[in-house]
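Given chain A's structure and the hints, the job is docking chains B, C and D onto it.
There are 4 protein chains.
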Amino acid sequence: MHDRSEAIHRLKIVEGHIRGIQKMLEEDAYCIDVIRQIQAVQSSLNKVSTLLLEQHLNSCVITAVQGEDPKERERVLKEISDVFEAATRV
Amino acid sequence: MHDRSEAIHRLKIVEGHIRGIQKMLEEDAYCIDVIRQIQAVQSSLNKVSTLLLEQHLNSCVITAVQGEDPKERERVLKEISDVFEAATRV
Amino acid sequence: MHDRSEAIHRLKIVEGHIRGIQKMLEEDAYCIDVIRQIQAVQSSLNKVSTLLLEQHLNSCVITAVQGEDPKERERVLKEISDVFEAATRV
Amino acid sequence: MHDRSEAIHRLKIVEGHIRGIQKMLEEDAYCIDVIRQIQAVQSSLNKVSTLLLEQHLNSCVITAVQGEDPKERERVLKEISDVFEAATRV
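Chains as they are written, first to last, in full-length UniProt numbering: chain A, 1 to 90; chain B, 1 to 90; chain C, 1 to 90; chain D, 1 to 90.
No wet-lab data here; the hints were simulated from the structure. Mixed in with the good hints there might be a few duds.
Any copy will do: because identical chains look the same in the list, a pair fits if it lies in one copy or spans two.
Unchecked claim - Derived DSSO-like pairs (lysine-lysine); straight-line CA-CA distance at most 27 Å:
#, residue 1, residue 2
1, Lys23, Lys78
2, Lys23, Lys47
3, Lys47, Lys78
4, Lys47, Lys71
5, Lys12, Lys47
6, Lys78, Lys12
Same shape as in the complex, but just chain A:
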């Protein structure tokens, strides 16, 4: 329904980044530098989540909210506040 190539592309970069961090650990890099790289990965992952949420809002959410089924609308809106709540915890 919407273009996912951007998110996939970013996750491939994250995957390479994770492999790089494994290598840092194998080569006995300084702990703090490794932690900083992990924090950089988390920041990239936050961006992917936001991108996906944006696309979700502009497709499924619009469809559900404009649709006839009140249960479906409720379900879809509940999911948004659920991932928001989870985001404030991770």
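This is chains B, C and D only, laid out in the frame that chain A set:
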């Protein structure tokens, strides 16, 4: 449009909690215990944000998405992904 | 042992901020604006926690690590990783 | 200096998880399910960071704090509060 007494009630509790933390600091409490209390406050604030988002989704967002104005719809949905993105950073 | 007036001062500002947010809710402010103010408070609280941790590291942690008691040293260092872990979740 | 195999092992699992998420996207999985998987990865990464911090505190930090060089001690303790501050933002 919707009931805000629950959010106000929770913020009053948070306010009392913040005052309690000030008192801990004045009475020279152990730093780590103070940090833990601040983390408890943040957890309460996350719950208030989630509650407000939930109410917002079930009122303004439904109105905007079902409305006639595509710009307004776009604006309202963009705000959701913006606060989500900010939530992953605070 | 160390100056806590800075942290207390910041928490007083946070307390005022929280009261301001209650007022916004009473005056029926826009949900998203309220959520953004809560996120600003969260950001201020992160700074207070970091300030307190900094002071703790430069006082209690140094004392414990340089001290004779291995159990006490272990306990103090464990607390640091505990609040770090909690910080990644709030 | 300390065992890094546990952290490397966990990052290999994270790497597999990231590849799984790419596949979900390619197979057009539901956005919210993908976001939830990304949040699970973030949670795993938090655990790796905490593990590394723990090891760092029990090796380099002890050495620096017990050492003769006040600048080095200051530097090492500053790094701890820096990664803590960053953790509250990612």
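Checked hints:
no. : hint          : result
1   : Lys23 / Lys78 : between (41 Å within a copy, 26 Å between copies)
2   : Lys23 / Lys47 : both (24 Å within a copy, 18 Å between copies)
3   : Lys47 / Lys78 : both (22 Å within a copy, 14 Å between copies)
4   : Lys47 / Lys71 : between (30 Å within a copy, 24 Å between copies)
5   : Lys12 / Lys47 : both (14 Å within a copy, 22 Å between copies)
6   : Lys78 / Lys12 : between (30 Å within a copy, 26 Å between copies)
Checked against the numbered hints given earlier, the structure satisfies every one of them.
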